[in-house]
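Engineer: Listed below, chain by chain, are the residues.
Number of protein chains: 2
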Amino acid sequence: MKNDLAPFFSPKGVAIIGASTDPNKLSHGILENMKRYGFEGMIYPVNPKAEEILDLRVYPDVASVPDPVELAVVVLPAPITPAVMQACGERGIKAVTIISGGFREVGKQGVALEAECRQIAQSYGMRVIGPNCVGTMDLFTGLNTTFIEGIPAKGPIGFLSQSGAVCGGVVDYIADKGIGFSHIASLGNEMDVDETDMIAFFGDHPQVKVIAAYVEGIQDGQKFIDVASRISREKPIVLLKAGRTEAGAKAVSSHTGSLAGSYSAYQAAFEQAGVIEVDTIHDLFNIAWSLSCQPLPNGNKVVILTNSGGPAALASDALASNGFELAEISTEKQTMLAEKLNPSAQTQNPVDMLGGAAPEEFAHGLSTLSDEPDVDVFIPMLVPQSLVNPADVARAIIDNTKDSTKTILACMVGERSLNEARAVFHQNQIPMSIFPEVPGRVLGAMARYQAWLDEIDTNSFKFDRVDRNAVSQMLDASATNTLGEAETRPLLAAYGFPLVSGRVAQDVDDAIAIADDLGYPVVIKIVSPQILHKSDMGGIALDIKSPEVVRTSIIEMTQRIKSTAPDSEIDGFLVQKMAPEGLEVIIGMRRDPTFGPLMMFGLGGVYVELFKDVGFGIAPLSPGRAYQMVESTRAGRLLKGFRGSPVYDEKAVVQAIGRLSQLALDHPEISEVEINPLLVLPDEQGALALDARMILSDA
Amino acid sequence: MKNDLAPFFSPKGVAIIGASTDPNKLSHGILENMKRYGFEGMIYPVNPKAEEILDLRVYPDVASVPDPVELAVVVLPAPITPAVMQACGERGIKAVTIISGGFREVGKQGVALEAECRQIAQSYGMRVIGPNCVGTMDLFTGLNTTFIEGIPAKGPIGFLSQSGAVCGGVVDYIADKGIGFSHIASLGNEMDVDETDMIAFFGDHPQVKVIAAYVEGIQDGQKFIDVASRISREKPIVLLKAGRTEAGAKAVSSHTGSLAGSYSAYQAAFEQAGVIEVDTIHDLFNIAWSLSCQPLPNGNKVVILTNSGGPAALASDALASNGFELAEISTEKQTMLAEKLNPSAQTQNPVDMLGGAAPEEFAHGLSTLSDEPDVDVFIPMLVPQSLVNPADVARAIIDNTKDSTKTILACMVGERSLNEARAVFHQNQIPMSIFPEVPGRVLGAMARYQAWLDEIDTNSFKFDRVDRNAVSQMLDASATNTLGEAETRPLLAAYGFPLVSGRVAQDVDDAIAIADDLGYPVVIKIVSPQILHKSDMGGIALDIKSPEVVRTSIIEMTQRIKSTAPDSEIDGFLVQKMAPEGLEVIIGMRRDPTFGPLMMFGLGGVYVELFKDVGFGIAPLSPGRAYQMVESTRAGRLLKGFRGSPVYDEKAVVQAIGRLSQLALDHPEISEVEINPLLVLPDEQGALALDARMILSDA
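Residue numbers (numbering that gives the first Met the number 0), protein chains in the order written: chain A, 0 to 698; chain B, 0 to 698.
Pulled out of the complex, with its shape left as it was, chain A reads as follows (with noise of 0.2 Å):
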């Protein structure tokens, strides 16, 4: 489907079906804002039983609506909803926003209703927002289909939520804070028009600057990461993913009824994507704001303008908690910022011109600093004085940064006295937070998008010689869904994956031959269907030098085997190599059911659990984002050489990585499968499977 969401936002006629004449229905509330907010369009409110509402005329029904009218607001009963959905097919409007609750979220009969509006919209080719939404709101063409009371500013914030309360919230707590928004879009089910589509159209439209949304899940999670990764190049995408503990996932799937992917899996796919997550409504649009008004940095230079030690002691905390630095001020600017500053100021960073710091002082302060070549951000910082106007410092900071191509976060600390100043700097496109923690979150998620924007590398991993037929044959060949070992190491060795080299013995013999020909010392593993954590119990024995202990190793493990786990049948004895030194790693792979294949690295051992130290992305990777993935953990580290310890080949890692990403968007019936472990060797000597395993799907 086209992405023709426009109707939604500036239609030339809208009908309200289900308009009532009773100022206490939420029916009412709608036309009471398609009215109020300077919209130019036509208005139609669509009811038998009245002739007039508001002053408008009011028709009988769908049918009668006159021309033009491309979007129709649907606010009646969900059973009869069908009904009305095929008329407004009938009568040629191709954008239908459905109001009213009643389907997918009640259950069943629900899911049934919802099924049979989208085969409606599907045979007229009409597009759906909803069901149980709030509807959308346009601020620049004055479109209102919402009850929500009052609007923000008008400005450069397209918001799309998957939760209509959060959009009323979001509008209450907005709306006087000067933050200008181009679009609010409730998606309701979305059982046509979802979260991507809605990005995707506001990543094509010329008044949306940033986008931020209020998601819970998402419906196709490689569509999403297509359109998110190429929306993100032109417009930093800012979202709030609600449901990201378990509890939190059942709170969202008892609301939505929709099936959640691992939120490590979402976690992934947004960092791949340049989606900058956050944590809370309020950073949300701080953050969202600021992007959309103020230059990414340079670099992570700070310079604090304060009127007060404390708050930029706290700011300075979360600069540094976000990768950003005090920048050093050099003693010449710092004896011109002495020359007009209180002679008790600290022209040290941060700069504290002391309580009574007035406009002068901030404008002297950053008029002196303005061409420090080392200095990317400025925080010009006040908390509000009986004796200082807070927005006359806001002007004086304006009129001295209007030429910078710094980024400017201005905080001023209070509430009530600090209105009018925040008008003035949001007038102005300058951000004003009221609490000092904030500038450095701002910083740190710009700071995390721009890294996302310098990374060029975006082509996925493509590995050519690769015997796919070969591993779609032995896959259809598999008489079990669970792979051992030695099932696994053929189909690594079809993707040109480095394994230790060893083979299966049926008996003691063959054991010995194969021993004699690898060269010793060898290891020798149990190969049974029914063993699958082979050390537990007792089926590996390591590090074996001449044939006569690969004799009585055999004897002795199969006579364990036949205490421990007397119904496992024995299928033969693995001889392989013994590998040499090399730091333990695991890589795998698992199929999310939102994202597809999720893959995973992290250290080998007790550690990978102990410390959730994993990283994790979504196939195809770039070997790029590959890197990220080894580099976000601190087994990364180990890899590079820590503390005196060799430098590992971890281009073997990234290497394997991607051919196990290969390996899993080329056949989708291996829902899992984990070399455990990866044994990686000194720099330039490359990586070897010492163990593996996989899972296939019952389809």
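Just so you know, the hints here were simulated from the structure itself, not pulled from any lab data.
Just to be clear, a hint being listed does not mean it is correct.
Copies of the same chain look alike in the list, so a pair counts if it works inside one copy or between any two.
Unchecked claim - In silico DSSO-like cross-links for lysine-lysine, where the CA-CA straight-line distance does not exceed 27 Å:
| id | residue 1 | residue 2 |
| --- | --- | --- |
| 1 | Lys249 | Lys339 |
| 2 | Lys639 | Lys611 |
| 3 | Lys332 | Lys461 |
| 4 | Lys332 | Lys249 |
| 5 | Lys249 | Lys300 |
| 6 | Lys24 | Lys339 |
| 7 | Lys561 | Lys300 |
| 8 | Lys639 | Lys533 |
| 9 | Lys339 | Lys107 |
| 10 | Lys611 | Lys249 |
| 11 | Lys234 | Lys650 |
| 12 | Lys332 | Lys650 |
| 13 | Lys533 | Lys561 |
On the provided structure of chain A, position chain B as indicated by the hints.
Structural biologist: For chain B alone, kept in the frame of chain A given last:
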């Protein structure tokens, strides 16, 4: 000095020394505030050049101020402050607040002035707040010696701040929110009255129920821990620390000139003293306010009653992140809920009563669930809707929870339409937040405090069989400040540490004799004052199984050391029994400038540095606290048997930490000591110090 701070808040008379006739001066603002809020004591402006200010009789000097006068507020340039102090002392005034800056914070000259003032104060037995502060407020007596515009509501929070600006910003932020304060105290440079004195005063004050503190540094760490531990048993102390990062600490130090202890030590001290540390100003007051008006939860089971699923999902995430769970609601209660709610309402937890939920539905939900035994907390949530008055919802919530013993935390998402609702809630002792993540954060803080209150074992370690004198003598006799393993072993032995057995040999024959005596296998380590990191220099040989190998090992080691570190003196060879299998951990002590002996526990090897997985504590320690130190780390989970590994002797680790803390307390000349590794054996088999070193102070 006894805690005689009452005159700073409830004096019978106050002299304002330096009161100006000019309404643009801060001292004039102070007089205005003294008159404005109903203070019933006498107010005496002192100014030789005026006769009347704001209808108050002005006195030419302190000597001429009549009785009663118990507090002097000095607002004059720093250089004349000593003379004024002298005059106050002569006049018999026992409490002086110095508002003026220009003291320690401006450098050497200021330090001298401050010292002079302190001496005068001591000679007259005066208590001093400041200099460089904004004074004090008492919301009950109406005293207000600040020039801050506005005051907060009257209530239970005693707030102390080391930043005057933070006081001003907080009042501006909080004034319209109905969060009630008893006292506000700005402490400035803490020339005399410090943060701990003020905590002690608030602790004993009947109007203070919760103490909130903004702190940049603690003057006397051990005094703080003593006082705060005592007060925390009665009243929660909620604290925001600035200078948590290096950059923040530098900002604090340039602001106050104080030398910072490490943040790890601060965190350990706060945990030990039951102090509830928070990250932001916003949390400081949300949590303090909630603690002051709601009971601590009896458990971690929460019910969310909401009119909107999205915000409930965000709240659920925050609950889970803070250790709380959504309670299961019984089928019976769900049926009862459904009777009066919207038919599409969700009766499972979160109970989603849908957008239009009215006061009656909140009332029904709360009254229905009020007697559920397995519910500890209710979170009623509302997103404002045009047809429902939030204040009416607030009243319904209050009416239906007023006899409840459960914890009630309200959340209404928005801002502009919620002022009345917040006022209603806050007058009725139910805290209301506007962001869904706040209740979870508040509950997390409450639970941490409750866990501290539940800790009964508060007596410090005390080992009787330690030879304190022997250690004193050995330390006195030490020729160097850097003690290697050989020198540290006897010190540890005197404090009853279990050491791996071994002795120092002078030559090969001696070593063989010791090895024969200990039994093989043995380990040999170089003893040299120049070599602290023995393994890096090839100074360790492991697993030696015969006298011949003892001989060749020592010869080879000597040759290696002669080539790698030719200037090292070789004092001998430590021959030790080869240790059994176990888990290697590190325990240590570093003397913190603020808090004294900072005890550390972590995993051995590279992992402690790689994962920064360290538990800290301040000696003296209780055994319970030492267990917490250990169990706060991932290493602690390994000790308890993780994924099939054995259970190790955690008690032996705790005992070793205790012995080390006693050694550190008994011998202040030890500035650092580290046992690395401490080998922990399987449960009930103890732990052995395998290597150790110590650094003594220069004094």
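Engineer: Tell me, in ascending order, the numbers of any earlier hints that this structure violates.
Structural biologist: Of the numbered hints, 3, 7, 11, 12 do not hold.
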